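Novice: Sequences listed follow chains A and B, in order. As numbered in the working numbering, residues 1 to 77 make up the first sequence, in order. As numbered in the working numbering, residues 78 to 1083 make up the second sequence, in order.
There could be a bad hint or two in this list.
Stated by the list, open to error - Result set (BS3-like, lysine-lysine): computed pairs, CA atoms no more than 30 Å apart in a straight line:
no., chain 1, residue 1, chain 2, residue 2
1, B, K998, A, K68
2, B, K234, A, K68
3, B, K983, B, K998
In short, the hints are calculated from the structure, not lab data. Since the structure is predicted, the reported quantities are computational estimates derived from the model, not experimental observations.
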Amino acid sequence: MSKLVNQPVEVVLENGFPRRFFFQKPFFIRHIQEYWREAGQWWLGEPERMVYLVVTDYGLNELHYIPKNDCWLLYRL
Amino acid sequence: MLDGASSISAYLEEAARLEMPAAALTDHNNVSGAVEFHQTAAQLGIKPIQGVEITTADSTHLTLLAENSEGYANICRILTAGHTQNPRGDCRIPWETLAQHSKGLIVLSGCRRSSVSQAVLRRNLDQAKAELQRLLDIFGRDQVYLEMIHSYLPQTKHLLAGLAALHESTGIPLVATNNVHYLNKETFPVHDLLVCTRTQTRLADIHPERPLNGENYFASPAEMARRFAPYPQALAATMEIAQRCSPALELGKSHFPRFLPDQTPEAAAQLLQELTWAGARRRYSTITPGLRERINHELKIITTLDVADYFLVVWDIVQYAQKKGIRHAGRGSAADSVVAYCLGITNVDSYARGLLFERFLSLERAQKPDIDIDFDARFRDDIADYVYKRYGKEHVASVCTFQTYHARSALRDFGRAFGYSQAELGQLTKNITHCPADGIRSLLGRLPELRRHPLNQPRYAKLIDYCAAVAGFPRHIGTHLGGLVISAQPLTQVIPLQPSAKGVLITQFDKNTIEDLGLIKIDLLSLRTLAAVSDVEKNMRSRGFAYDKIPHGDPRTYARLQKGETVGVFQLESPAQRALQSRLGSEVFEDLVASVALIRPGPIKGDMVEPFIARRRGLEEVTYIHPKLEKILEKTYGVVLYQEQVIEIATEIAGFTPGESDRLRKVMTHFRSHKEMERIGEDFIAKAVANGVERGVAEVIFSYIVGYAGYGFCEAHAAAFADTAYRTAYLLEHHPAQFYAALLNQQPMGFYPPNTLCVQARQRGIEILPLDINCSAVDFTADGSTIRIGLKQVKGMEKAFLESITAERRAAPFSSLEDFIYRTNVSRDVTENLILGGAFDWFSPNRRQLLWYVPTYYQNKQGSLFLESAVETKVPDFPPLERWLREYSVLSLSADRHIMEFFRPKLSQAVLTSKELSKRKEGHVQVAGLVIRPHRPPTRSGRTVVFLTLEDEFGLVDVTIFENVYKRYGEVLFNSPLLQITGEISERDPNQITSVVAHRITSLVS
């Protein structure tokens, strides 16, 4: 059962892709299962985001990167 | 359509900048952009690959690329099958059709919605292989590629890996493509809005066709290399396909059918000669050497350009119309041709008028001829049917038009996508006149009536930006009013066809591009004026009247024209034309030809109207800056008025060949930049000086032409229109009741609404008889000096209702409202409209009371168990003004009273009626009336001037509102139906019909 988090997290990159992040504890990314881009609700001013489905030791997690704000969010745990 | 947010030229210019050697256009289920793509790519040195993305019978997508012209022809056939074998707007190509027309096509397995990709995404590789095998079976192993698209969508990684696995197991090559819908990422919102419009959804709605992200932009080769780094062979395959494909469009090749299919082209030329000379003997009493030379000159050009068949095809159509008694009249530059006149295609004697054939057809220009013919509007479709039967349904189609985005349509579509209510959209588009979608801001800043318009609010700023981005973009495909193409080979080999809303098949190319494909358009237009005059002729035939025998130079007709009383006259009824007629004092046919050409933006902006009037009336000396101009400009008193004159001036003064001169005329007519005009001017002046003309004189002559550029009129066209104008003026003078009734039957047409025609008729002593359920015919009917309102005028009236009413009436007249409801199939709504229109006044003048009875009568008619008796309560009728307004709302006119009769008693005695005003020649006045057609035509000064007509119970008052007054009162002017205007009588010309220059404007209604 995944949990909606939607909170900023610190992410460490490798070759431009997320490698690990810290949310209450460190998460090491084993591999990126899928990634895509979403325009979001642009008409409401929502910025574009990149979505990464990553597999960590704790299961499948969803990270979002907002290029406009240069910030990472842990969206789903 | 509604799936791309950038132009073809924008994509190709970017491709050229990125040094791409080839590009493919694969619009969805259409190839409408093929010609523009081919031509623009050729200009930029890019190889154009014609293609299409199709929807198959099972709703999956597939990409087809034409390897050669055979492949392109097969795309045309495939698309036609998909469009014609399915409901309109739901193109689906049967797989059997693909199998039948597979030659010359390279197939890419398609986007995510393709059958192969869908199977891969479902993780069903066996199914994916089966789908791939189907493509291989249809198109052959060498023709199929597995298409990889990387648009950063969910599961892209899996999809690409699946396609690569398929490649590994089958050996079918991979190819990387980019699904481009807009040039750059910033344009993504515009694409999203267009998709919302196409799918009729709002931005907040979810729809499978809505893009998830903005990655469908034109990616550079470097970006593509990044996206497909793991699949370099897929990138390399793009070049392989580009090398295999050759440009598939064969432009310029003639597809027009031979009129005598089993004989040589010379036989057609021979037949044309024979028919022309036979026609010449009919048209002219003697064939002079000059005339003989002219006809031979035209025939030689026609034969050299190999367009004799075109003339014969048009001649044949006209012959058919004549046999069927369908009134017609050739218009446009075809009237410059003596051959067309001899063949009966036009009625303008271009030889007698000294018109230039080269305006129509020239060897240098070598352009395809374009003949426009107006037909009685009621029978235009019969003429088209004849053409379909004569040449075969596979060989004939209507030309399409692309309705492009303008301000209002963009605001409506995008506003709807943003989720605005209908009421809000109504407010947003209110008073937004016809202007380009990128002109909204300028309009808001310019028009005083928009000062407090909601679009000025900051919250709509983005909406206005998005509207601007789609200015000129195609919104939907429509049917050209009259254009038909005829082809020697089946049309589907050259163009895809698809059904129009009306059901006829239309081309996927518009009039501008079909000619490049080697097809020639024939314009068979419908003209309601011809229907009206045919009606008059039919009604008056028993009294010996024949339209074609209307006498020339009828003094009473010219007297009417001179008074400017021309409401209803073809082309001469607008306020500007009425004013011109009264000032010009038209006495001869040439005055009418000039009139038609004078009230045009070109002559108005070029300041030619006033000198023309002054010189025509002998108030100003006619001078020519160069003796060579005298012969050319004599008939227009030294003023450049017609396009033919521009050609002749260039020929005489600068020594241009007729073809070069016409090119000059064309460039000037479509001129877009001052720089281009300067370059033409330098060329003209240099050649004129070399031709012995002084530089200063040459410069002045060129300035005449410049003043005229842009909107000039062809003399032949003006003469063709003037002929109909004169004849309709004759009908108005001599047979007003019949003519007004005919005009009312053909609405909507002309400049004025039906109520104005009724007011005018009453001024001529004609009684407008009210609607009567027993006496009114279907149409308006004229009898001596009366016109009876027809039943079809009632709002909501349908053919079936009219048939029911007339059939029952033949059995016995209706004896009551109840009797009417019982015996006819007329709907309740229309019965109520008939009551409000006065159709049952004969039974009871209390319309409101009759309305009260209606529900009971309909309930009883439907077989209610208990027959109810009508309400016995006495209901008072509507108050007089409300009764009038309700009548007007269902009839768009009133039989007996004008709305100003209700307002007149409340006005000061100082407010003059139109009748009183006509006796005044100067001074300060006040007038009031119903606003008719306020408009802002172009002016010489470039300043905004509003012209409108006020209609009262006695006639019309023309009003001019200059910019300063307009700025002050613009809001009330365009928002109130009834106005009171204070101003001065225009003293520009004592001959002119009285008009008022407004100083102050107030609304008569709160």
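Novice: Run every hint past the structure and note whether it holds.
Specialist: Hint-by-hint comparison with the structure:
no., hint, verdict
1, B:K998 with A:K68, "violated, 71 Å"
2, B:K234 with A:K68, "holds, 24 Å"
3, B:K983 with B:K998, "holds, 26 Å"
Comparing the model with each earlier hint shows a violation of hint 1 alone; every other hint is respected.
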